[in-house]
Structure formats: structure tokens, C-alpha cells
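> Letter by letter, the chains look like this.
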Amino acid sequence: MRTHLWILLSAMLVNNFTLVMFLGLCSFLGVTNKLSTAIRLGLADTFVLVITSISASILNRWVLTTAPYLRIVAFIIVIASMVQITEMAVKKWSPTLFRELGIYLPLITTNCAILALAIFQTNRGYSFGEGLTFAIGAGAGLTIALVLMASIREKLELADVPAVARGTATVLFIAGALSMAFMGFAGLMSAT
Amino acid sequence: MRMLPPPDVPGAQGATAMQDLLRGLWKENPTFVLLLGMCPTMAITNSVRNSVAMGVTTAFVMILSAIVVSTIRKLVSHEVRVATYILIIATFVQLADILTEAFIPDAHKALGAFIPLIVGNCLVLGRQEAFSSRNTVWRSTLDSIGMSAGFTLGLSTVGTVREILGSGTWFGLRVMPANFEPWVIMNLPPGGFIGFGLVLLALAAWTVQQKKRAAVRAAIERLTSAEGARAPAAAMAGEGAR
Chain A
3 MRTHLWILLS AMLVNNFTLV MFLGLCSFLG VTNKLSTAIR LGLADTFVLV
53 ITSISASILN RWVLTTAPYL RIVAFIIVIA SMVQITEMAV KKWSPTLFRE
103 LGIYLPLITT NCAILALAIF QTNRGYSFGE GLTFAIGAGA GLTIALVLMA
153 SIREKLELAD VPAVARGTAT VLFIAGALSM AFMGFAGLMS AT
Chain B
438 MRMLPPPDVP GAQGATAMQD LLRGLWKENP TFVLLLGMCP TMAITNSVRN
488 SVAMGVTTAF VMILSAIVVS TIRKLVSHEV RVATYILIIA TFVQLADILT
538 EAFIPDAHKA LGAFIPLIVG NCLVLGRQEA FSSRNTVWRS TLDSIGMSAG
588 FTLGLSTVGT VREILGSGTW FGLRVMPANF EPWVIMNLPP GGFIGFGLVL
638 LALAAWTVQQ KKRAAVRAAI ERLTSAEGAR APAAAMAGEG AR
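Those sequence lines, one after another, are chains A and B.
Count along the first sequence from 1, add 2, and you get the number used in our numbering.
Count along the second sequence from 1, add 437, and you get the number used in our numbering.
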């Protein structure tokens with residue numbers, strides 16, 4: 003149980019996927035204009051991360067033992083098809099949710115956080131359960147980062163930013179400050 | 438090889454080989470202008486050496502994928518094109534992963550998971566979709582060379598800022614005076630965001646100044662030409678009065 007808790011906290015805070023590991027920055031910089039979309043994207047990300055973790059565990063256990071050199075190819079195909087299947091399933095069973103998620107679901111395929119999760123999970127030799135915890139932690143971490151960024155950017159709309167710094171540069175400086183704040187969580191590591 | 442005119446390229450007609458090559462370097466620089474491939478731009482740029490290693494690895498994947506994609510572009514049906522491109526890219530990434538591990542193990546260790554993650558670099562997939570799938574092998578090769586050179590340039594610029602401020606060195610050589618206190622934060626994750634932010638800010642300031650200068654120049658030109666137009670008229674008026 004202790005390992006699970008540690009994996010969860012580590013993926014969520016200490017090694018936050020977005021702010022510390024620099025994964026999934028495209029969506030972090032691109033779609034954090036509004037809080038509501040950020041939350042939705044975070045949840046969709048978490049969902050796909052969990053599915054990916056399960057598929058990666060299965061692949062590692064039964065398929066890739068004989069051909070480890072096919073890892074990247076196998077992972078990317080499985081992730082792409084899983085996202086596609088999820089999209090079709092959601093569309094069939096819950097058209098409302100499908101409309102709400104919109105473009106974000108297919109976009110998640112190219113989010114490098116997803117592939118990174120599968121690779122980290124393999125490199126660290128996580129078991130099925132540990133992988134699942136890792137995926138949930140990573141998803142929660144992504145959601146936290148997206149929500150923080152979106153809330154700050156909503157306030158930023160009203161601020162008087164010099165014309166030169168408007169746009170990506172300001173967002174990057176804010177991300178830097180958030181990242182600095184998250185470095186504080188490194189203290190958790192020595193506590194456990 | 439015979440250069441055929443591109444049949445279905447919107448906006449790129451009549452581009453010369455030189456334009457194809459130089460497009461990625463400055464005008465459509467992937468890092469500064471298109472803002473593609475952000476993750477490696479911030480993750481592995483804590484030293485110039487890592488930035489260059491990442492740039493070269495990405496170039497390897499990008500150029501070879503562009504050649505294959507443009508070769509088979511007429512055989513791939515529209516519906517499965519993205520899946521096909523991803524598969525081609527993933528194959529070359531796996532190759533790059535194995536090759537770097539064998540020949541430059543230090544770089545492989547430093548870049549870590551970011552070599553496999555080239556698959557998810559939107560720059561690589563984006564160029565296949567936007568350019569290689571619609572152009573000849575020769576032009577796609579030139580475009581991918583230019584784009585990867587531009588990407589390497591972008592990575593090294595951010596790497597330069599971070600390494601000089603964070604360690605006081607450039608490519609391992611000491612450049613700052615001995616009493617310079619390194620800004621450790623630039624080597625840590627926040628430095629990635631801040632370093633890239635600084636580069637973008639400098640670029641934006643430069644662009645604004647460039648625009649102002651152009652506006653002033655245009656205004657001066659307008660004034661002088663107006664004066665020039667008035668002068669003969671005045672001279673003529675003078676002539677008439679006399």
C-alpha cells in the first residue's frame with residue numbers, strides 16, 4: 003500500500019508530468035484559456051492514461067517479451083487504436099459527453115504524456131496495479147497543472163500586460179513560477 | 438531526378454529549392470514561429486550539447502520519414518494516412534533509439550525518454566502531413582532538412598541561454614567570469630520554461646522594434662516623396678509668377 007501511495011504522490015506532485023517532466027506541453031500551452039475546457043481535457047487525459055497503462059501492461063506481459071525492439075511501434079499503434087475505439091464507444095453510448103469532449107479526445111493521441119507513461123511504466127518495471135496507480139496519479143497531476151494554469155490565465159485576461167510580453171512568453175513565465183512552486187514538493191521524497 | 442511541378446500544393450507553388458530549404462530555418466522556424474515540438478525544447482535544453490544531440494536525432498527521424506512518406510505518398514489512401522505516417526516515424530524513432538544507445542551512450546542517457554518521445558513530436562508528424570505527403574521526394578527532403586536545421590537552431594538557442602546562465606559555460610567551455618554566480622534555477626525544470634520565455638520575449642521585442650523602424654522608414658519615404666512632388670510644383674508656380 004505504501005508503494006502505491008508513493009507512486010501516486012510522486013506522479014501527481016513530485017514528478018508532475020507537465021510542470022516537472024515537460025510532457026503534454028502542447029495542450030498545456032494551447033488549451034488553457036478557459037477553466038471549463040481545462041478540467042474536461044484533464045479528465046479525458048486521465049481516462050486515456052488509464053487505458054494506456056492497462057494496454058501497456060498487457061503488451062509487456064504477453065507480446066513484447068520476445069520482441070522488445072518493437073516497443074515504440076507497438077505502443078503507439080495500441081494507443082492510437084485505443085483512443086479511436088474509446089472515441090467510437092463514447093460517441094455511441096453517450097453523445098452528450100462526446101460533444102463536450104469534442105476535438106480533445108482524438109488530440110490526446112499525439113499528447114506525449116500518454117506515450118511517456120507507457121515507457122516509464124516499462125522502464126521502472128511496474129506491476130499491473132502499480133501501473134494503474136501511476137496512470138491515475140499522472141492524470142491527476144496533469145489535471146492539476148491544467149486547472150492551475152487555466153485559472154491564472156482567466157485572471158490574466160484582465161491584467162495590463164505590456165504588448166511585447168503578451169502571448170506565449172507570459173504563459174511560459176507563469177509556467178516557470180508554477181514549476182518552481184512544484185519543486186517544493188520534492189521535500190516529500192525525504193519525508194517518506 | 439526530374440523536377441515535376443507540384444500538382445496539389447496550396448500556397449507552395451513555384452517555391453524554389455532554395456526556398457524549400459530555407460523556409461524552416463527562419464521564416465517558419467518550428468521553435469520560434471510555429472511553436473511546434475515544445476516538449477523537447479524545454480525538457481532537454483539545459484546544455485547546448487544535449488540540445489544539439491536532440492536536434493540531430495530529430496533530424497535523422499524527420500529526414501528519413503520525409504523521404505519514405507513522399508515516396509509512397511500516392512499509394513496511401515486518405516483515411517489511413519496519419520496512422521501510416523505515425524508507423525513510419527515510430528520505426529525510425531526505434532532505429533534512432535537503438536543507434537544512439539549503441540554509439541553515443543552518454544547522449545542516450547542524458548536525453549532519456551525523450552528519444553522515444555520524438556514519435557509524439559508534432560513537428561515531425563505535422564511536416565509529413567503538411568508537406569511530404571503532397572510534394573516530390575526531392576522537395577520534401579529539402580524541406581525536412583531545413584525544418585530540422587531550424588529546430589536544432591531553436592533548441593541550441595534555448596540551450597545557450599540556459600547553459601550560460603545556469604552553469605556559466607557554453608558547450609562545456611567557460612564563458613562567464615570566474616566570480617559569476619550560476620543561476621541554478623536555469624538548470625532545473627523551471628529554467629526550461631523561463632529560458633524559453635526569455636528567448637521568445639527577446640524575439641518579440643526585436644520584431645516590435647523592427648516593425649517600428651520599418652514604419653518610421655516608410656513615413657520618412659512618404660514625406661520625402663511628398664516634398665519631392667511638391668518641389669517641382671512650387672518651382673513651376675514660381676515660374677508662372679515670374
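Do not take every clue at face value.
[As the list claims (entries may be wrong)] A short, non-exhaustive set of chain B residues, derived as facing chain A with CB atoms under 8 Å:
#  : residue
1  : Met479
2  : Val513
3  : Val517
4  : Ala520
5  : Ala527
6  : Leu554
7  : Gly557
8  : Gly609
9  : Leu610
10 : Pro614
11 : Ala615
12 : Pro619
13 : Pro627
14 : Phe630
15 : Ile631
16 : Phe633
In short, the hints are calculated from the structure, not lab data.
On a predicted model such as this, the values are computed, not experimentally measured, just so you know.
Cβ coordinates follow ideal geometry from the N, Cα and C atoms, glycine included.
> All hints are to be evaluated individually against the structure, with a verdict given for each.
Taking the hints in turn, this is what the structure says about them:
1. Look at Met479(B): its Cβ gets to within about 5 Å of chain A, closer than 8 Å, so that hint holds up.
2. Taken as an interface hint, Val513(B) does not check out: its beta carbon lies about 16 Å from the nearest beta carbon of chain A, beyond 8 Å.
3. Look at Val517(B): its Cβ only gets to about 11 Å from chain A, farther than 8 Å, so that hint breaks.
4. A least Cβ separation of about 6 Å between Ala520(B) and chain A falls short of the 8 Å threshold, and the interface hint therefore holds.
5. Taking 8 Å as the C-beta cut-off, the interface hint given for Ala527(B) holds, the closest approach to chain A being about 4 Å.
6. Taking 8 Å as the C-beta contact cut-off toward chain A, the hint placing Leu554(B) at the interface holds, the least distance being around 5 Å.
7. Taken as an interface hint, Gly557(B) checks out: its beta carbon lies about 4 Å from the nearest beta carbon of chain A, inside 8 Å.
8. At a threshold of 8 Å, the smallest CB-CB gap from Gly609(B) to chain A is about 23 Å, leaving the interface hint violated.
9. Taking 8 Å as the C-beta cut-off, the interface hint given for Leu610(B) is violated, the closest approach to chain A being about 26 Å.
10. The closest approach between the C-beta of Pro614(B) and any C-beta of chain A is roughly 26 Å, which is over the 8 Å cut-off, so the hint fails.
11. The interface hint given for Ala615(B) is broken, as the beta carbon of that residue sits about 28 Å from the closest beta carbon of chain A, more than 8 Å.
12. Because the smallest distance between the Cβ of Pro619(B) and any Cβ of chain A comes to about 17 Å, over 8 Å, the interface hint for this residue is violated.
13. Against a cut-off of 8 Å between C-beta atoms, the interface hint on Pro627(B) holds, since the closest Cβ of chain A lies about 4 Å away.
14. The interface hint given for Phe630(B) holds, since its Cβ lies 4 Å from the closest Cβ of chain A, which is under the 8 Å cut-off.
15. The criterion of a C-beta within 8 Å of any C-beta in chain A is met by Ile631(B), whose closest approach is roughly 4 Å, and the hint holds.
16. Checking Phe633(B) against chain A: minimum C-beta separation of about 6 Å stays under 8 Å; hint holds.
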